[in-house]
Amino acid sequence: MKSARPVTGDPSAARPVLDAADVGRALTRIAHEIVERNHGSGDVVLLGIPTRGVSLARRLGARIAQIEPAQAEPEAPIPMGSLDVTMYRDDLRLRGVRPLEPTEIPPGGVDGKVVVLVDDVLFSGRTIRAALDALSEFGRPRAVQLAVLVDRGHRELPIRADYVGKNIPTSLTETVHVLLEDIDGRDAVLLGPADLPRSQARGTAAEEMTR
Amino acid sequence: MTTLPRHLLSAADLGRDEALLVLDTAEELARLADRPIKKLPTLRGRTVVNLFFEDSTRTRTSFEVAAKRLSADVINFSAKGSSVSKGESLKDTALTLEAMGADAVVCRHGASGAPHRLANWIRGSVVNAGDGTHEHPTQALLDAFTMRNRLGRIDELRVVIVGDVLHSRVARSNVLLLSTLGAEVTLVAPPTLLPVGVDTWPCAVSYELDEVLPKSDVVMMLRVQRERMYGGFFPTTREYSRRYGLDARRMASLPDDAIVMHPGPMNRGVEIAAEVADSVRSTIVEQVANGVSVRMAVLYLLLGGAFIESVEAAA
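Chains as they are written, first to last, in my numbering: chain A, -2 to 208; chain B, 530 to 844.
Calculated directly from the structure, the hints in this document are not laboratory data. Any given hint could turn out to be false.
Said to hold, decoys possible - Example chain B residues on the side facing chain A (calculated, C-beta under 10 Å, incomplete):
id : residue
1  : 530
2  : 550
3  : 553
4  : 554
5  : 584
6  : 594
7  : 682
8  : 831
Owing to the predicted nature of the structure, the values given are computational and were not obtained by experimental measurement. The beta carbon of each residue, even a glycine, is placed where N, CA and C say it ideally should be.
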């Protein structure tokens, strides 16, 4: 599967590029950048792309609430949700169908809001293209921004991220594993070997998705 | 990864994982109904043919809505007013549709096994939308989906299916699917309306509705199919209704959270009393809405992915 979705294969064969403290610092910086760029967090809606983007969005929301105390009040938490892009992908015919993930749009909707899409790895850009299509079905945001934990390059579409945790130069065959506390038990970003067989990579990705 | 077989001809084609994949997918797709734009681009450029040799309102419309919500092109073909009335055979009709580039054919036919024959003649996916007295797998899927929605599970549910089992494709598909999913199914019918060999089905059989009802989580009433009845299966409609019809008194003997289902169309006053059909336990309207979600899931899982390779392999 040549998508931005990371593979949770055998992490022992992969070498760490970010440890837990690095992931935490990157998220804190992105949270500050989001608040700074948008002059506060009033109109911001965080939408994570399943699975790990949702977890990252949740953590960004918690950090923004700390930075902007007004947002920490229970009546005005940062609106947060998830956006499944499966039905909008352009590679279903090539890669086969996949199970769907939940889409939760916050009650306030996205009209007139600044939507920050959150994903773990930015790779070809095709997931984000699909996310933009999916998003347009729910309304017309004032602006759409993109936050990713890792940008590994190799874009195939004119898409770039507004907030990047870490730029990691990779070869096309390498795999980037993003591990997150609430899903994988620890925070880390691992760079997997180039020789991981495609079939094996696909199999493990499928396991990850059916979990 | 779990994938569906190329055709959906029988509920027995689905193992537990495949059936759950359909139900889970349908659950996400059901939420499309809450969106302002109830449409997904996933099957853009695919063609779905509804090939209906028998009358149908809800199944044909349901498949049509499902395909259109996934952006597929839909061609409705009904035997009336087509070349079938000039004597064209099923095979020639199928090959004509094949030549027009159908990616999926949704087939309803009065002859049991017609979709199986069709599957050998065309390259696209075939979905059985009811063949004779044989099977109706998407109905079973939507029934299972409705049960899971209302009661939270299917495993170990006690499901009783009442009525004209002999002529019912819904009953057969439901028995097969529900037993795959771990439910305990009991068929209740007069002996004349049970098919030969029912003892080999993965279910129990009873002739006494009143004994079974207090131990049921789901009661599914079947329509008395007069159009398929050429003999005396029971003395009078009134007697059938008295022994096997679900009225308010019988419904009261059900456990508190039990639900009442009917695949439709209903004969009110025969197998189900109007007050039962309109009660809060009744899922009859939900079943129709769920039918669209389940059929979207089936079309997505059959057509969305890489079936091109399997066609080439078969050729």
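Evaluated hints:
no.: 1; hint: 530; result: holds (4 Å)
no.: 2; hint: 550; result: holds (6 Å)
no.: 3; hint: 553; result: holds (6 Å)
no.: 4; hint: 554; result: holds (5 Å)
no.: 5; hint: 584; result: violated (32 Å)
no.: 6; hint: 594; result: violated (16 Å)
no.: 7; hint: 682; result: violated (19 Å)
no.: 8; hint: 831; result: holds (9 Å)
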